[in-house]
Amino acid sequence: MPTALPLLAALTWSLLPLLWQLLTSLRTPEALVLQGPSAWLQGWTLANYRQVLQGDPPFWRYLFNSCLVGAASTGLTLLLAIPAAYGLQRQRPALRGGISLLLLAAAMFPYVLLFLALLELARALSWGNQLLALALPYAGLSLPLAVLLLRAAFADLPAELEDAARLEGLNLWQRLHRVLLPLLAPAIASTAILVFLFSWNEYPIALTWISRNDLLTLPVAMARIAGSSVYAVPYGAFAAATVLGGLPLLALVLVFQRQIVSGLTQGAVKG
Amino acid sequence: MAILLLLPALALVAGVFLWPLLRYGWLSLQASSVLTGLVPVPNGGANWQRLLADGRFWQDAAQTLRFAGLSLALELLLGLALALLLHRPLPRRGLVRAVVLLPWALPTTVMALGWRWILNDPFGPLNGLLQSLGLPAYGFLSQPATTWLFTVLADVWKTTPFVALLLLAGLQAIPSELEEALRLEGAGPWQRLRRLTLPLLAPYLLLAALFRLAQALGVFDLIQVLTGSGPASSTESLALYAYLNAMRFLDFGYAATLMLGMFAVVLGLSALVLLAQALRRRLAEMAP
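First to last, the sequence lines map onto chains C and Y.
Here the first sequence is numbered in numbering that gives the first Met the number 0, starting from 0 and rising by one per residue.
Here the second sequence is numbered in numbering that gives the first Met the number 0, starting from 0 and rising by one per residue.
You may find that some hints are simply not true.
[To be verified] Under 8 Å between C-beta atoms, here's a sample of chain C residues computed to sit facing chain Y:
(1) L10
(2) L17
(3) W59
(4) A80
(5) F108
(6) L113
(7) A116
(8) V146
(9) P203
(10) N212
(11) M221
(12) G245
Hints are computed from structural coordinates only; laboratory data are not their basis.
Ideal Cβ positions, reconstructed from N, Cα and C, are used throughout, including at glycine.
Could you put the whole structure together from the sequences, leaning on the hints where they help?
Structure below.
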C-alpha cells in the first residue's frame, strides 16, 4: 500500500480542525455567517485578537499563570521523582514489582474523581486561589508516571558505573549529581515535558481551586469564556483564544517532539 | 536506606490518591449537605440506597459506558492504523510526528471550544459542507439521540495520537527479521498483520485499552465545554453528575458516594478487560 495517501489523510485529520480555528479567528462576525464563495473576499480582520489580548485580564495573563504552575509542578515532581526512582531501582525485585504495579495503577487512575477530597484539603489549608499550591496535587498526580519512567532509565545504566564511583569514594549525592544524572538527561527531559504538558492541560482541580479571574489557568479560562455565552454566534474571539492558547503547545511539540515520543514509548516498554 | 529516598514521593502519591478514596468511604456514610449545614451527620447507608435507586446515576452510567466503549474501539482501531503508518520510513519524520501529536498535546477545553464552532448549527464549517452539498443543516449538538456521537468524535480526534504512540513502541520492539521471514514464506501484508504483528502487539494493546478505558470513563472537561451535558442531559457523564452534586447542589455526602460508584465501575470494567485478555491467552495456548 502506498504511504502518501494515508499520510495525507492523517495530517489533514490532525490539522484541519486547527486550521479552521485559525481561519475563523481572522474573520469578522459578519463574515462568519456569510455563505457562498464570494464570502472569502471580504471580512478579514485582526480585531478578534485585539479583543482577546485587551480583555480583562488580558489573555497573556492566563498563559503566564499556566506557565508558572507548569514550571513549579515540573520542578517539584522531578525533585521527588529522581530520588524515588533511584530508591525504587535499589529495592528487592518483589517489592520493586509491587510498588511499580501500584504506581502504574495510579498513573491510569481517572483522577477527576479525586477533585472533591482535594478541594476539601485546599479549603482546610487555605490553598484556594494560590497558584503555586496547585503544584502539590499536580506533582502527586504526575509522580507515578515520572517515577516509572525514571526508574526504567536508572535500570538501563550499567551497575558497574555506580560501583566504580563508589570505590572512588563519592557519596550518594555526588554519585547522582556527577555520574548518574548527566547520563539520565534525556529521560529527565522526557519526563519533564510530559509533566509540564499534564499541568498545563489539567482542568478539574484548577477549576475548583482557583476562582479569582486573574489567577485562572488557561484551560479554566477557556472553559469560562465558553460558558459565558453558550449560544452566541460570533466565534471569532473564541477562535482567537484557541489559537493563542494553542500556540505555546504547538511550539513545545515542535521543539520537544522527540522527547515526548520517547517518554510515551519508554513508559510503554518498561512501565 | 534506599527506601528513605522513596518515601517522600510515595507519601505525596498516597495523599493525592489514597486519602480521597478513604475520605469518600467515610463521607458516603454521612449526610453532609445544605440540609445539615454542611456538617457531616452519620446516616447509615442512606446515600448508597439512594444511589441504587437513582435513575439519573444509572442513566449516566449507561451514557458514560457507551461513550467510553465507542471511543475506545475507534481509538484502538485508528491508533493501530496511525502507528502502522508512523512505523514506515517517512519523509520529514519528526515534523510528521509533531503534527500528529498536536491534537493530544492541546488542552482539552481549548479544542472542545473549537469543536463547538465546527459543529455549530447552522454556521459551522461542517454544516457549511452539508449545505454546499444541498443538504439541510444538522443540529449536531442539539439532537439528544446523536449528540453523544460527536463527543466521541472530539475525543477520538484528541486521544488517537496517544494510543498510536504506545502501539508504535510495540511495533518498534518487533524484530524486522521476523517480518522478513514471514514475507519470504509468501505471507501477504494482511496475514503478516494477523499472524505476527497483532499477537506481538497484544500487551501494548492491552495497556492502551486499560489506560484509555479508565480515562474515558472519567470524561469531564470535554463534555462540560462541548455540550454542557446537553441536550437534555443526554451526554452527561458520571464525573459531571458527581461534580454537579458537589459544586451545585452542595451535597458532599452523595457526591462522595457517586465518586465511589464511578470508581467501582472503572475497577469492574478494568478487571473485565484483564480477565478477557487472560481468557484469550488461555484459549490461544490450548489451541493446537
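Verification of the supplied hints:
A hinted interface residue such as C/L10 counts as satisfied when its beta carbon comes closer than 8 Å to some beta carbon of chain Y; here the least separation is about 6 Å, so the hint holds. The restraint placing C/L17 at the interface with chain Y holds, with a minimum CB-CB distance near 7 Å, inside the 8 Å limit. This hint is violated: C/W59 has a C-beta 15 Å from the nearest C-beta of chain Y, more than the 8 Å allowed. Checking C/A80 against chain Y: minimum C-beta separation of about 6 Å stays under 8 Å; hint holds.
Of the supplied interface hints, the one on C/F108 holds, with its beta-carbon coming within about 6 Å of a beta-carbon of chain Y, less than 8 Å. Interface hint status for C/L113: upheld, as the beta-carbon distance to the closest one in chain Y is roughly 4 Å, under 8 Å. About 3 Å separates the beta-carbon of C/A116 from the nearest beta-carbon of chain Y, less than 8 Å, and the hint is met. Because the smallest distance between the Cβ of C/V146 and any Cβ of chain Y comes to about 6 Å, under 8 Å, the interface hint for this residue holds.
Annotation: C/P203 was flagged as interfacial toward chain Y, and the flag holds, the nearest CB pair being 6 Å apart, inside 8 Å. A hinted interface residue such as C/N212 counts as satisfied when its beta carbon comes closer than 8 Å to some beta carbon of chain Y; here the least separation is about 16 Å, so the hint is violated. Evaluation of the C/M221 hint against chain Y yields a held restraint, the C-beta minimum of about 4 Å falling below 8 Å. Below 8 Å, beta-carbon pairs count as interface contacts, and C/G245 has one with chain Y at about 5 Å; its hint therefore holds.
Consistency note: the structure conflicts with the earlier hints numbered 3, 10.
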